[in-house]
Each structure stands twice: as C-alpha cells, then as structure tokens.
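Chain A is already provided as a structure; the job is to place chain B on it using the hints.
In order, the protein sequences belong to chains A and B. Counting in the working numbering, the first sequence runs from 46 upward without gaps. Counting in the working numbering, the second sequence runs from 46 upward without gaps.
Worth double-checking, as some hints may not be accurate.
Given that identical chains are not distinguished, each listed pair holds provided it fits within a single copy or across any two copies.
[What the hints assert, rightly or not] Heads up, simulated BS3-like pairs for lysine-lysine below, C-alpha to C-alpha not over 30 Å straight-line:
#, residue 1, residue 2
1, K167, K99
2, K174, K340
3, K263, K120
4, K174, K99
5, K247, K184
6, K266, K184
7, K174, K100
8, K247, K167
9, K174, K184
10, K99, K184
11, K120, K307
12, K263, K99
13, K266, K167
14, K307, K174
No lab work stands behind these hints: they were computed from the structure.
There are 2 protein chains.
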Amino acid sequence: MGKHHRGASAATAQKTTDTEPCRLAANAAALLGAGPGFALAAVDPNSTPGFTGKKADGAAALDAVDAELDELQEKLFAASRFGAGERVLLVLQGMDTAGKGGVVRHVIGSVDPQGVAHHAFKAPTEEEKAHDFLWRIGKEMPGPGMIGVFDRSHYEDVLIHKVRGFTSPGEIERRYGAIADFEAQAVANGTRIVKVMLHISKDEQAERLEERLDRPEKHWKFAPSDIDERAFWDEYQRAYAIAIERTGTVAAPWFVVPANHKWYARLAVAHLLVATLRGIDPQWPPATFDVAAEKARLDAS
Amino acid sequence: MGKHHRGASAATAQKTTDTEPCRLAANAAALLGAGPGFALAAVDPNSTPGFTGKKADGAAALDAVDAELDELQEKLFAASRFGAGERVLLVLQGMDTAGKGGVVRHVIGSVDPQGVAHHAFKAPTEEEKAHDFLWRIGKEMPGPGMIGVFDRSHYEDVLIHKVRGFTSPGEIERRYGAIADFEAQAVANGTRIVKVMLHISKDEQAERLEERLDRPEKHWKFAPSDIDERAFWDEYQRAYAIAIERTGTVAAPWFVVPANHKWYARLAVAHLLVATLRGIDPQWPPATFDVAAEKARLDAS
Numbered sequence: 046m047g048k049h050h051r052g053a054s055a056a057t058a059q060k061t062t063d064t065e066p067c068r069l070a071a072n073a074a075a076l077l078g079a080g081p082g083f084a085l086a087a088v089d090p091n092s093t094p095g096f097t098g099k100k101a102d103g104a105a106a107l108d109a110v111d112a113e114l115d116e117l118q119e120k121l122f123a124a125s126r127f128g129a130g131e132r133v134l135l136v137l138q139g140m141d142t143a144g145k146g147g148v149v150r151h152v153i154g155s156v157d158p159q160g161v162a163h164h165a166f167k168a169p170t171e172e173e174k175a176h177d178f179l180w181r182i183g184k185e186m187p188g189p190g191m192i193g194v195f196d197r198s199h200y201e202d203v204l205i206h207k208v209r210g211f212t213s214p215g216e217i218e219r220r221y222g223a224i225a226d227f228e229a230q231a232v233a234n235g236t237r238i239v240k241v242m243l244h245i246s247k248d249e250q251a252e253r254l255e256e257r258l259d260r261p262e263k264h265w266k267f268a269p270s271d272i273d274e275r276a277f278w279d280e281y282q283r284a285y286a287i288a289i290e291r292t293g294t295v296a297a298p299w300f301v302v303p304a305n306h307k308w309y310a311r312l313a314v315a316h317l318l319v320a321t322l323r324g325i326d327p328q329w330p331p332a333t334f335d336v337a338a339e340k341a342r343l344d345a346s
Numbered sequence: 046m047g048k049h050h051r052g053a054s055a056a057t058a059q060k061t062t063d064t065e066p067c068r069l070a071a072n073a074a075a076l077l078g079a080g081p082g083f084a085l086a087a088v089d090p091n092s093t094p095g096f097t098g099k100k101a102d103g104a105a106a107l108d109a110v111d112a113e114l115d116e117l118q119e120k121l122f123a124a125s126r127f128g129a130g131e132r133v134l135l136v137l138q139g140m141d142t143a144g145k146g147g148v149v150r151h152v153i154g155s156v157d158p159q160g161v162a163h164h165a166f167k168a169p170t171e172e173e174k175a176h177d178f179l180w181r182i183g184k185e186m187p188g189p190g191m192i193g194v195f196d197r198s199h200y201e202d203v204l205i206h207k208v209r210g211f212t213s214p215g216e217i218e219r220r221y222g223a224i225a226d227f228e229a230q231a232v233a234n235g236t237r238i239v240k241v242m243l244h245i246s247k248d249e250q251a252e253r254l255e256e257r258l259d260r261p262e263k264h265w266k267f268a269p270s271d272i273d274e275r276a277f278w279d280e281y282q283r284a285y286a287i288a289i290e291r292t293g294t295v296a297a298p299w300f301v302v303p304a305n306h307k308w309y310a311r312l313a314v315a316h317l318l319v320a321t322l323r324g325i326d327p328q329w330p331p332a333t334f335d336v337a338a339e340k341a342r343l344d345a346s
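Pulled out of the complex, with its shape left as it was, chain A reads as follows:
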C-alpha cells in the first residue's frame, strides 16, 4: 500500500467526535497491511489510522472488540473439538518497549486462557542453535482451535542476526525464502498467520526506557543491552523493511501498527485478530447426539 495509500488515508480521515472506530473496525487489514509498494519509513508511529478518537475512546472501543474476539475464539475452539482444523498465529515483533507485552495482556488476555498458546522466544539455547533456526519455531506452532502468540519469533533470525552480523548474508538470504515456505505450509494446514510489527519512534523508545529506569518495579524489564541495540536503530528499521518486503505474502501478510499510542496499537491488533477470525467464520458445532433422548436420560439419572 505504501506512502501514497497511507497519505490518502490520512487526507480522507474525518475529524469527528464519533467514538465508534468504524473505519478501523471494518478495514483494519487494508489500513495496516504492508502490501506491494509499502514503505516503512512513510508510516508515522504517532498516527492512529482509521480511528479519530482519543485514548478514552480507544479504551472503550477495545472493550467492545475484545468481547467480539472472546466469542469468536470460543467458537474457534469449540469447532476444533469436532474436527475443524483452523487455528490462528499472531506474530508480534517490534523494537524493545514497542508494547508486545501490553498487547498480550490487554488483547490476548481478554480471551479464555485455555484457547491461547503463548510463547516468548528468547536467545536460542545451545540445542536450538545446533538445529535449523525454524526447528524451535515448528515445535511451538498452535494446534487446531488455538490462538498462538509469538512474542518475538523466527523474524529475530533475520533482524538482529542481520543487524549484528550473527549470520552470514548468504544464510540471511536463504532464511527469507525458508520463512516464506514454512509459513505457506502452515497456512495450507489451516493456520491463519497475522504478522504484526509494532512501530514506535526512537524518541518514544527513549521515553519508555527512561520510565523503566525511573521506576524500581520496572527495573527487571531493563537491560543495558537495550541501549546497545538502540544504537543500531536505523539498521533495525532497514532490516524490518527488508524482512517485511521479502516475507510478506498474501497468505501470511505483514501489518505495521503505529504504536506510539499504546491504546491504539492494542485496539488495532484486536481488530486484526477479529477480522482474521471473521474470515474463518467458526460455527458452534451441531449436536452429535439426540438432544431429546439425552434429556430423558438426564431426567432419569
């Protein structure tokens, strides 16, 4: 969609006091999708595409969309118990402090924990390093009826690995193709993949890191390496842009969510998930038993 599309969206945005996020609700995928011609540098991390309200409006809207997400998730889960194979994988990427944890807590946290498979990928272990980079990813793919959530993912293997030179350029090249193949197979097997980059600005990251340093109960979330990585900000932006271009497919698209406003990022991801689940359109399974006969047995029991 790129710069032109985003510019057009901004120009046509209505300034109203209406708190119903109609455009975002109906068009989250189109507004945030990083299709052909997309340019990461043209996305304003401060923007709130498709939503003209403020923070309080966003919180109210999130409650509403979370409720829909909750019901759709239960249907997805129920259908899987009777043979439906669909499942969802949400891949969350972003610079440190981009708000991945907040999305998990405020969006994923609104659905039944028994239907969620969450995994945070850390630096690989020695055993993981001895395997192909997708080995540990495959083991964590969600089963039927589940919403899988990856907090970081196989994309680290073409992001930090590229930026910091942990891996050769040739192997990085191979990985783009391997990722596309791996994801295509997962899609063919019934997985809807939603890849999200939470996009913050460098200044916003500075404020969030400062808050972690200022508040003792946030110290555990800070590591000096966060500032080391920050020095490579521009390189990371380029690596993200390339990864998005090389691995964004119709089957497994990338979405770039402006995330300087945490409330907007959460609302946007919730809408992307709801749109994905609506696409599956899971149904309550029909009874596989004779309801009247079972009621008679129950009455007699």
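Showing chain B alone in chain A's frame:
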C-alpha cells in the same frame, strides 16, 4: 479439618451486610483445607465458607482479589528472570460441570497470559498410555516464575481409573504413593502446589447438564458419556475422598471448594492463589546495573 471444624466455622460466621470477605481473604487455606480428619461428605456444596455476601458482593470481591493476584504474579515472573526458582501449580479437579473452565477464565484470565502455563489433560494417547501415568504430567510442570494450571490431572488416574476399574486395585494403591513422592519432589524444587476439588452436588450437576442440552451454543460441551459417568456419582465421591486422604500432605495440600455457587468458587480459588503467592512473597528484582550510568547512556543515545 473435617466435620467438626467446618461446623465450628459455620457457627461463628457473622451474618452482616459487610461485603468485604475478611474471613475468606485472611483464612482461605484454613477454611477450605482438607487436613487430618477431613470428611468430604460433611462439606455442603451450597455453602460459602468465610463469605457472607451474595453474588454481586462476590463479583466485586473477585475484582479486588484478581488485582492483587495480577500484581503478585508479575512479581513472581519478574523474580524468576533473576534466578528465583519458585513457581505455582494449580490442580483443578471436579465432576463434569463443576466449573473448572470458569475458574480458568475468571481467575487465571486476570493475570498476564505470558505468566500462565495451562494444560487440559484429556484421555491419554497411545504413547502416553505406554508410559507411566506421571510421564505426561512431568512434561507439563510449570517453569520458574510461572503459574501452571492443570485442568484435570494425574488425579484422573486414581479417580476414573478406580471408579471404572481401568486399573487394578494394586496399581491404584501404588499410584497414591507415586503421586505423593512426585509432588514432594516438585515442592522441593520450588513448586507450590494448590490442589482444588470444585465440589458440586448431584442436583446442581443435573441443572448444569440440562442447560448444556437446552442451549445449542453449549452442545459442544456435552457428551452422552457425561450421563454415563453421572451414574457413578457416589463411587466418584468415595474415590475423591480416598484420593484426598491419601495424597493430601502439608507440602501439597488439598482444598475442597464448595462450588454450587460459581461466583464463590472463583473467589475462593483466587484467594487460595493469593495466599500461596503471599507465602512466596516475591520481590521486584533489584537493578543489576548502575541506574544513573544507564540514564546517562540513554540521554546520549
């Protein structure tokens, strides 16, 4: 604690309009623990030990205790990132419709999904059957900083297996001891185990099964085998009573939560978890870096 203790508790319960669940909040473990002399048959599934309020009061109280649970869980998780080994395992057992799923949704659902490891144990696979009954359990034990939740558990191997004769009496005997040993080792390794039986009456189960039959969106939760098992109600109660007696230890105690009132059961489990976490008393990890130096580096970045 048994019949006498429960009777004494009921006699001293104050009938007040105070909605603060002081006694339950401060004494959940003592009020609900199934210690020496405990008699399952003496527990009234309709009772609400330590709480004199009604449903609306219970919902308000749950919001408050969920908030405390949320903070304690985050501290537990944070501490584990700096070497603390404690973790919690909540084992949920009960007859069909007892409300295990509701506890997961309304109690566990209040904490950050990234700190929860939930597993629902179903009928064992062929591979699982080929191993000792604790093999699949060990694989799902929570890691440091996590709250593990077992929706059904190794206790099925001494409950349905005993009632339906799937396993010989000698092997059932062995399993009580094996469970006690297994849990003792887990406790020694830093796991706080909270074993909960959600205790409903046979009449209450009939109402809940009828609701599942009456509502098409609940049909997926019903199976004709639920009514088959219901015919063994008394045998299950005896099997629970024996399992509780044989495997309840100071290190890994059983709690029997009256669960005819769903709101009470959720509130009670939340208090049991909060009491367990308070016992761990997790602390925000101190900074492992020089805060002033890092702020200077951040300002320069």
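Here is how each hint holds up against the structure:
1. Neither within a single protomer nor between protomers do K167 and K99 lie at most 30 Å apart by alpha-carbon distance, with minima of 34 Å and 46 Å respectively.
2. Taking the shortest alpha-carbon separations for K174 and K340, neither the intra-copy value of 56 Å nor the inter-copy value of 34 Å comes in at or below 30 Å.
3. Taking the shortest Cα distances, K263 and K120 sit within 30 Å of each other only across copies (10 Å), while inside one copy they are farther apart (37 Å).
4. For the identical chains of this complex, K174 and K99 are neighbours neither inside a copy (45 Å) nor across copies (56 Å), given an alpha-carbon limit of 30 Å.
5. In this homomeric assembly, K247 and K184 never come within 30 Å of each other (Cα to Cα): the closest approach is 34 Å inside a single copy and 41 Å across copies.
6. Taking CA atoms no more than 30 Å apart as the test, K266 paired with K184 passes in both settings, with 27 Å inside one copy and 28 Å between copies.
7. In this assembly of identical chains, the alpha carbons of K174 and K100 never lie at most 30 Å apart, being 43 Å within a copy and 53 Å across copies at closest.
8. Taking the closest pair of Cα atoms, K247 and K167 come within 30 Å of each other only inside a single copy of the chain (23 Å); across copies the shortest separation is 48 Å, beyond that limit.
9. In the homo-oligomer, the alpha carbons of K174 and K184 lie at most 30 Å apart both inside one protomer (14 Å) and across protomers (22 Å), since each shortest distance falls under that limit.
10. For the homomeric pair K99 and K184, neither the shortest alpha-carbon distance inside one copy (40 Å) nor that between copies (46 Å) is at most 30 Å.
11. For a Cα distance limit of 30 Å, the shortest separation of K120 from K307 qualifies both inside one copy, at 28 Å, and across copies, at 22 Å.
12. In the homo-oligomer, the alpha carbons of K263 and K99 lie at most 30 Å apart inside one protomer (26 Å), although the nearest pairing across protomers, at 38 Å, exceeds that limit.
13. In the homo-oligomer, the alpha carbons of K266 and K167 lie at most 30 Å apart inside one protomer (14 Å), although the nearest pairing across protomers, at 37 Å, exceeds that limit.
14. Taking the shortest alpha-carbon separations for K307 and K174, neither the intra-copy value of 34 Å nor the inter-copy value of 47 Å comes in at or below 30 Å.
This entry does not satisfy hints 1, 2, 4, 5, 7, 10, 14, going by the numbered hints stated previously.
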